[in-house]
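2 protein chains.
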Amino acid sequence: MSNTATFEQQLTALRDEIDDIDGQLVALLAKRRAVTTKVGLLKSEVGMPIFAPEREASLLKARRQQAIAAGISPELIEDILRRLMQDSYISQDASGYRCVNPDCKKIVIIGGDGQLGRIFGDLFTRSHYQVQTLEQADWPNSTDILADANLVIVAVPIRLTAMIIQKLSSLPESCILADVTSIKEAPLYEMMKVHNGPVIGLHPMFGPDVTGLVKQTIIACEGRLPEQYHWLLEQFQVWGAKVYPVEAHAHDQAMSMVQVMRHFSTIAYGYHLMTEGADIAQLVEMSSPIYRLELIMVGRLFAQDPVLYTDIIFANQDNIAMMKRFAYRFLELLEDVQLDDKQAFTAMFSQVADWFGDYANIFLQESKAMLIKADQLKKH
Amino acid sequence: MSNTATFEQQLTALRDEIDDIDGQLVALLAKRRAVTTKVGLLKSEVGMPIFAPEREASLLKARRQQAIAAGISPELIEDILRRLMQDSYISQDASGYRCVNPDCKKIVIIGGDGQLGRIFGDLFTRSHYQVQTLEQADWPNSTDILADANLVIVAVPIRLTAMIIQKLSSLPESCILADVTSIKEAPLYEMMKVHNGPVIGLHPMFGPDVTGLVKQTIIACEGRLPEQYHWLLEQFQVWGAKVYPVEAHAHDQAMSMVQVMRHFSTIAYGYHLMTEGADIAQLVEMSSPIYRLELIMVGRLFAQDPVLYTDIIFANQDNIAMMKRFAYRFLELLEDVQLDDKQAFTAMFSQVADWFGDYANIFLQESKAMLIKADQLKKH
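Those protein sequences? They're chains Z and L, same order as listed.
Mind the numbering: the first sequence is residues 9 to 388 in this note's numbering, read in order.
Mind the numbering: the second sequence is residues 9 to 388 in this note's numbering, read in order.
These are computed hints drawn from the structure, not numbers from a lab.
Among the hints, erroneous ones may be present.
Identical copies go unnamed one by one, so any copy, or any two together, can satisfy a pair.
Claimed, not checked - The calculated DSS-like cross-link candidates involving lysine-lysine, where the alpha carbons are at most 25 Å apart (straight line), are:
| hint | residue 1 | residue 2 |
| --- | --- | --- |
| 1 | K39 | K69 |
| 2 | K250 | K223 |
| 3 | K223 | K69 |
| 4 | K223 | K46 |
| 5 | K175 | K114 |
| 6 | K223 | K376 |
| 7 | K69 | K376 |
Being a predicted model, the structure only gives us computed values, none of them experimental.
Let's have the full structure, built from the sequences with the hints guiding it.
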């Protein structure tokens, strides 16, 4: 670049260089994708899981070292490689999966056209199982549809689950009966009552937007004859999911804390903002990245189906007492503020910090990564 | 690859190919970084802002199109380029900034060794201003330190702000007095009372981990003689920040909703989890990405200084009544659940959804991008 070049000329030349590098970048990523697709095909032939934690760790370590040697940020390289690996899981996913149990001739998904039902239907199909869905209109033929089923999965809205299960009294004895509802005690009770064969309660811990099951969790609550449904859990693992076994009551208690309580309190906060007459546009403009993230977590709920959330919240009357206790604790802590008792408040704070233990720091680190992401989302 | 190669051999060969591509990737990114650093130097010579929204948009558009043509995901390429641009803002940042007002001979930052004070001290220094900090030990010499100041910034903890401002009664008449506290009405009132020259209240909407001010917001509340501090706001913009002017009372009201209220309610939720005897390790294991994100937002608070949060919450007694109203609304909505009045609950939900308007969908989209990021953070 000559010294006499104008500022504009120099800037344009540098920007052209960047565009050229970015062009090479896209080409390189396309090449990478072609190779990872081959890996997926190769693995699917022998039924090896797509996600290999040790390979991931060693790959990241090598590139971090190279980045440091090249004078660029190792965090930058790790972030980019994690994003690439996530994408490659999706592409590998498309190559199909090993079928763990070829003896399973027919899977029926009740509510298989719903969001969650479709995800499972798709995965089973790509694992070479024969899948049939049973929707509302199909009930007149249900006896035929269910007569030769080896696995029946109930994937209907939470308010219909018990009623649908009660209709399944004449399944073949060896058929596995499973549900995917977000509560587990009640459906499991109904399934055990209606069916004498193998029973398992499942709670897939992901939303309808999931792109493949790699690193996703499926909670499994034992019902009856686990040795007969063991292959099903293995199939989930072939898809990349982590199976987390837990007792149904403990599951429901945990969910009341992280799911019901958080949904309810988020809805109440949205209602509070509206009722206080807050100016949402101004709040957004004035938000720091962390408050924007808070607002995202509130606002996202209200773009979704009210019935979905209402059903989850209203599904268990036992949660009401627990949520009331939250409101009273909230008022109790507010009393510290009113009495200007900073000492009591910080003492409580430190106690909770101790209770969180190592997770407090882990979450702080993770939130920093999330904030970097939130910053990137800003368009202006 | 020969057909007789074993599975292991084939996998190793493909993995070597991936490693080779990743090595080229790191080299390419180092090259990109070298060019963006040159752009930063060039821009700083003429004082052009680092962040150019139109260039960013056109760059992304071109690469998305190339990605589609190459059969890879345009979202993948956009995510990676946004991450790279964010990194390049940091490197460009290191090249220094244009000094908007060379007539400003001396800037004093009271509390300049604190987290926020250091960020501003560093930025002013890299913009070729002379910066002096005034810490507790320096107060005996404060008359000398402040005598020839053109700009004094109060960056002390919120509980000390009023007291420190009251000590600033003999600043030079033309000196700009500013504070960076997270409340604005009270400090602005104190500054106007103690000083007759130009006054401005600032609230930087970012945390101490910020890496450069590109795309960050600084809220500005007018005090007195804005034409005399106009250069300061321009300097913030040179650093890449967005200046958002708002009236002090409106600022404090908005902050009570997004900052005080959210902090308090998050702390109360942590206290609730502990008091209910929840098993945090199990909650984490059982979390879906969205609940993990919720837990991150709660736990991150407890890894930080309790005094910081206590001070923010206790700073304004006016907030107590508003927060009480939240608790009562929470109990009011809980009544719908107790009475099994789903209709009332969904009606309320839809009303709030209307109030959020377009933001609900925007936030839902953004939360999906955040969830992809949260998934990437998972180590197993």
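Hint-by-hint comparison with the structure:
1. For the identical chains of this complex, K39 and K69 are neighbours both inside a copy (22 Å) and across copies (21 Å), given an alpha-carbon limit of 25 Å.
2. Taking the closest pair of Cα atoms, K250 and K223 come within 25 Å of each other only inside a single copy of the chain (6 Å); across copies the shortest separation is 38 Å, beyond that limit.
3. For the identical chains of this complex, K223 and K69 are intra-copy neighbours only, at 20 Å inside a copy versus 31 Å across copies, given an alpha-carbon limit of 25 Å.
4. Proximity of K223 and K46 under a CA criterion of 25 Å is satisfied intra-copy only: 21 Å inside one chain copy versus 40 Å between copies.
5. Taking the closest pair of Cα atoms, K175 and K114 come within 25 Å of each other only inside a single copy of the chain (19 Å); across copies the shortest separation is 81 Å, beyond that limit.
6. In the homo-oligomer, the alpha carbons of K223 and K376 lie at most 25 Å apart both inside one protomer (21 Å) and across protomers (16 Å), since each shortest distance falls under that limit.
7. Taking the closest pair of Cα atoms, K69 and K376 come within 25 Å of each other only inside a single copy of the chain (21 Å); across copies the shortest separation is 28 Å, beyond that limit.
Violated hints are absent here; each numbered hint is respected by the structure.
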